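Colleague: What follows is the residue order along each chain.
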Amino acid sequence: MLELHNVKVSYPTGDGIQQITFKVNPGEVVFLVGPSGAGKSTVLKSIFLEERPSEGHIIVGEYNSLFVSKQDIPYLRRKLGIVFQDFKLLNDRDVFRNISFVLEVVGVRGKVIKRKVLRALADVGLSHKSRKYPEELSGGEQQRVAIARAIVNEPYILLADEPTGNLDPDTAAEIMNVLMRINMRGTSILMATHNFALAKSYDGRIIRIENGQLI
Amino acid sequence: MNLFYSVREAFAGFTKARVSTVITIFTVSFFLFLLSIVAILSLNMNRVVTMLNANHDVQVFLSNTISAVEKDELRAEILDMDDVLAVDYISKDQAAAEFQREFGDDIFEALEENPLPASFIIKLNENSDAKTNINDFAQKLEQMPNIDEVVMHQGALQILVKFSSVSRVVMYVLFVLVFLGSLFMISNTIRLIIFARRKIIATMKLVGATDAFIRRPFLFEGILQGLVGGSITMAAIYLLVKIFVLQWPGLLVVSKEFYLIVLLAGMLFGFIGSLFAIRRFL
Ligand SMILES: Nc1ncnc2c1ncn2[C@@H]1O[C@H](COP(=O)(O)OP(=O)(O)OP(=O)(O)O)[C@@H](O)[C@H]1O
Ligand SMILES: [Mg+2]
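Chains as they are written, first to last, in numbering that gives the first Met the number 0: chain D, 0 to 214; chain H, 0 to 281.
Isolated chain D (complex conformation) (with noise of 0.2 Å):
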């Protein structure tokens, strides 16, 4: 389903990551631990292509990261669901069509959106809020707005780039009930963070990195 194999991507000023080599199943949770700066959004954003490997190589479903061309990363992209770290939000519409744009993308029927959307929006319990922008959102909101954009397409695999990150504890843990409800319906989930109380308090399993290296 996911699988790395010694991937490396380095960036211009020398950091970057090294010889990763994991595999996330179908169905499993998966934490990957680190400090600020050990490398793991760069670990995600090579999954979706934001930053090409160049070494090693990635498998997403049938994607292999060595045979997939530019014209083929929106494809693969729809398979993910992803959770940035800094949510990424569409700041010029409401929270509906924050969501309903990735159903759009892949041509889902107006019908067929809103019902998803609603359905997405029900699941991160963000309901009510469906007329508001991001900005008119807390951090937690928009958090949640960004998981039900990352469902909403059904993904294999939800990556959730410390999604908990600038939440107090409560509404962090209120994130972490969402994204386990999400995983028992069976979306495998990768999520990176810094908190390894956080990660050790879910059942999953833990990855370490330090230094752009696994450990």
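A hint or two may mislead.
Unchecked claim - Dumping the calculated DSSO-like pairs for lysine-lysine here, alpha-carbon to alpha-carbon at most 27 Å: (1) H:K204 x D:K115; (2) H:K15 x D:K113; (3) D:K110 x H:K204; (4) D:K78 x H:K198; (5) D:K22 x D:K69; (6) D:K115 x D:K78; (7) D:K78 x D:K22; (8) H:K15 x D:K131; (9) H:K204 x D:K7; (10) H:K198 x D:K113; (11) D:K69 x H:K204; (12) H:K15 x D:K128; (13) D:K128 x H:K204; (14) D:K78 x H:K204; (15) D:K69 x H:K198; (16) H:K198 x D:K115; (17) D:K113 x H:K204; (18) D:K131 x H:K241; (19) D:K7 x D:K69; (20) D:K44 x D:K69; (21) D:K44 x H:K204.
Just so you know, the hints here were simulated from the structure itself, not pulled from any lab data.
All figures in this text were calculated on a predicted structure; none of them were measured in a lab.
Dock chain H with the ligands against the given chain D, drawing on the hints supplied.
Modeller: Chain H with the ligands only, in chain D's frame:
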């Protein structure tokens, strides 16, 4: 559904980049307007020239001392010239009456006698040599006895005759300029919109949008700008022609197809302009 999304986004973009959109629309419609005027003039040139000619081509003022016999002889002589179709006599009294009709009150009351001369109005053959070489024709007239002055309504006429041959060239040149100008404006506006939305565009790519999907609304937006610009031009031309026709009936004819072409030209400019911006910046 995809189409619906693109159109909705295009309309949303319209309301976001208001200033540059409005400027673009008006520039495009101004350019189109110029082009339309030249096209209309060129299309109606023959009609305009004929109308002006039909009124009268050349007027000669006769000396005050001319006798009735001399007048008839002179008339016969002029009628005998090549290309002369008709010679109408306007007496001093007729001229005064005409003057009064044109200018309202009778300004001759104060004067002892009528200062206006009698005149001949000479009509020339269509497409005659005399018409194209009107200066030669006038010189011949001036050498005749009892003619004080030759007045040619040739100023406007000659310009028009010249213009009708030049106008085609002018129209092509103008078309190219207008086309490039509109392209520049529209592609610049679209570029600005793309630039303002670069973060959003980057995010769209991260969540699986193809380039084509991201581009489409911008294309629609360009077409929409051209369409609105074209509509404004259409309305302006329509009004102008209406006013013109009221003033000078029969001088201009502008077909329905012409308006349609203006509209289509606007859309085409918009389409190509945004295609340009997209190719370069997205
Ligand atoms: N675009 C980039 N260009 C150059 N260097 C980068 C870039 N992105 C990240 N880095 C560097 O690569 C290293 C790993 O960064 P990364 O963002 O993967 O860390 P992280 O584990 O996600 O950290 P955090 O917990 O703070 O998000 C860091 O040293 C960072 O400075
Ligand atoms: Mg990070």
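Colleague: For H:K198 and D:K113, compute the direct alpha-carbon distance and say whether it is at most 27 Å.
Modeller: holds (26 Å)
Colleague: Is the hinted pair D:K78 and H:K198 satisfied, with a Cα-Cα distance of at most 27 Å?
Modeller: holds (22 Å)
Colleague: Tell me if the straight-line CA distance from D:K22 to D:K69 falls inside 27 Å.
Modeller: Since the Cα atoms of D:K22 and D:K69 sit roughly 24 Å apart, the hinted pair holds (cutoff 27 Å).
Colleague: Do the alpha carbons of H:K204 and D:K115 lie within 27 Å of each other, as the hint requires?
Modeller: holds (21 Å)
Colleague: Is it true that the CA of D:K128 sits at most 27 Å from the CA of H:K204?
Modeller: holds (25 Å)
Colleague: Taking 27 Å as the top limit, are the C-alpha atoms of H:K15 and D:K131 close enough?
Modeller: Distance of about 18 Å is within 27 Å: holds.
Colleague: Hint check: D:K115 vs D:K78, CA-CA at most 27 Å. Holds or violated?
Modeller: Given pair D:K115, D:K78 holds - Cα atoms ~16 Å apart, limit 27 Å.
Colleague: Are the Cα atoms of D:K7 and D:K69 separated by 27 Å or less?
Modeller: holds (19 Å)
Colleague: Is it true that the CA of H:K198 sits at most 27 Å from the CA of D:K115?
Modeller: Holds - the C-alpha atoms of D:K115 and H:K198 are around 26 Å apart, at most 27 Å.
Colleague: Assess, step by step, whether the Cα of D:K69 is no farther than 27 Å from the Cα of H:K198, and give holds or violated.
Modeller: Holds: D:K69 and H:K198 sit about 19 Å apart, inside 27 Å.
Colleague: Hinted pair, alpha-carbon criterion (27 Å max): H:K15, D:K113. Please report holds or violated.
Modeller: holds (25 Å)
Colleague: Regarding the pair D:K69 and H:K204, is the alpha-carbon distance no greater than 27 Å?
Modeller: OK: D:K69 and H:K204 at ~11 Å, within 27 Å.
The structure is inconsistent with hint 18 alone, although it conforms to all the rest.
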